[in-house]
Structures are given as structure tokens and as C-alpha cells.
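J.: Sequence:
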Amino acid sequence: MTRFKLSGTASALLLAASLVALGTSPALAKERIAVVDIQQVFQKTDLGKSIQAHLKRFADRRVTKMQAEQKALQDEQGQIRQQVGVISKDALRAKELEFQKKVQDFQKRQQKVQTEIASESFVQFRKFLNAVTAASDSLGKKFDFSMVISQHPLRVPLGPYPPPFQSPRYLYIKTDADITQSVIKYVNEHGGQ
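Per my numbering, residue 14 is the first one in the sequence shown, and the count goes up by one each step.
A couple of the hints might just be wrong.
Unchecked claim - The calculated BS3-like cross-link candidates involving lysine-lysine, where the alpha carbons are at most 30 Å apart (straight line), are:
1) Lys-198 / Lys-155
2) Lys-69 / Lys-140
3) Lys-102 / Lys-114
4) Lys-62 / Lys-140
5) Lys-43 / Lys-140
What the hints assert, rightly or not - Simulated restraints on C-beta separations:
6) Arg-106 / Lys-140: 48 to 58 Å
7) Ala-66 / Gln-123: 46 to 56 Å
8) Gln-117 / Gln-65: 57 to 67 Å
9) Gly-204 / Ala-107: 57 to 67 Å
10) Leu-86 / Arg-106: 14 to 24 Å
11) Lys-121 / Lys-154: 45 to 55 Å
No lab work stands behind these hints: they were computed from the structure.
The beta-carbon is built from N, C-alpha and C at its ideal position, and this holds for glycine as well.
Based on the provided sequences and hints, a complete structural model is requested.
T.: Written out as C-alpha cells, the structure is:
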């Protein structure tokens, strides 16, 4: 008995030829996949807009307060600099140490505010994603789709740095499979339920 060894390329070609010869399963040919542009849904639904407005107000209140504290610290630093040579070195050192403690306290509060903003953002995005999941589930069943996928991930910065670029998670999308407008309508009609 003679044994043949195929190279990796030859094996792949043989497998591809076998799949072409066998054809596509009729069950697979009937599968339908829907696509939702989740970023567009976030920007165009009433729920998405209200979340954006809420998060902006939430962050703005905290950031405004922190900016006022930062300005006060800068003013105090300027006053300390003006006292160089006017007051004794010991008194100046004491003021500088007290000022450094205030700066450290400010940095801790600033970090706490950033954590609060990120936490509130997470809660709100989860609420939005739950609504989109419910809409996708309902519309997927209604239109007999096998799957509904997100065309783009939701990209919303949670801090001073934007999230890294992420490529779309698809290779081909038939335009009539995009149910983004229907999801927008559904979320607007049903809110967060």
C-alpha cells in the first residue's frame, strides 16, 4: 500500500475543492443576518440622546467644581511665590508643605471625580445596551433573522483619552440586512423597556 503525503497548501486546495464540489447546504443558504449600527442608534434615539445629555450634565457639574478648585490652588501658588524673600525660609517652607498637601488632596478628589464619571457612564451605557438588545431580539424574531450583529462597537470616550480605533466586525453586509432605522424607531417607541 502506497501512502501519499500532501503539503499544507495541497491539503488546503483539496479541502476547498471538496467544499465547492459538495455545494452549500440548503439550510445555510436560508440563514439571514441583520446588522445594526449601534453608534448611529446611540446618536439618534431619544434614549441615547437623553443619556448623552445626562452624562454631559453629570460630568460638567463635577468638572466645573474641580476647575474652580484648581484655579484657587494656582492663585495660592502665585501668592506663595510672591512671598519668597519677604517671609522667613521656615515660614515659606511651612506654606509650601501645606500647599503640597492641598495639591495631593485635590489630586485624590480629581481621581475620585473621574471614577464617578466613568461609573455613571458605565451604568448609563448598560441601560442603553439593554434597550438595544431587547429591540434587536424583538426585531430579529419578527423579521426571522438568524443573527443580529453590531456593525460598529459603541465608541464613547469615558475620560480624557478616546478609545482605540476598532475595525468593523464584518466582511460583507447586504444593505437590506441593516435594521438600524427599525431599532431606532423601536427604542424610541419602547424606551428602556
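J.: All the hints need checking, so say for each whether the structure fits it.
T.: Tested hints:
1. Lys-198 / Lys-155: holds, 14 Å
2. Lys-69 / Lys-140: holds, 16 Å
3. Lys-102 / Lys-114: holds, 18 Å
4. Lys-62 / Lys-140: It holds: about 13 Å lies between the C-alpha atoms, which stays within 30 Å.
5. Lys-43 / Lys-140: violated, 33 Å
6. Arg-106 / Lys-140: 48 to 58 Å: About 52 Å separates the Cβ atoms of Arg-106 and Lys-140, which means 48 to 58 Å holds.
7. Ala-66 / Gln-123: 46 to 56 Å: violated, 24 Å
8. Gln-117 / Gln-65: 57 to 67 Å: The hint (57 to 67 Å, Cβ to Cβ) is violated, given that Gln-117 and Gln-65 are roughly 34 Å apart.
9. Gly-204 / Ala-107: 57 to 67 Å: holds, 58 Å
10. Leu-86 / Arg-106: 14 to 24 Å: holds, 18 Å
11. Lys-121 / Lys-154: 45 to 55 Å: For Lys-154 against Lys-121, whose Cβ atoms are near 50 Å apart, the range 45 to 55 Å holds.
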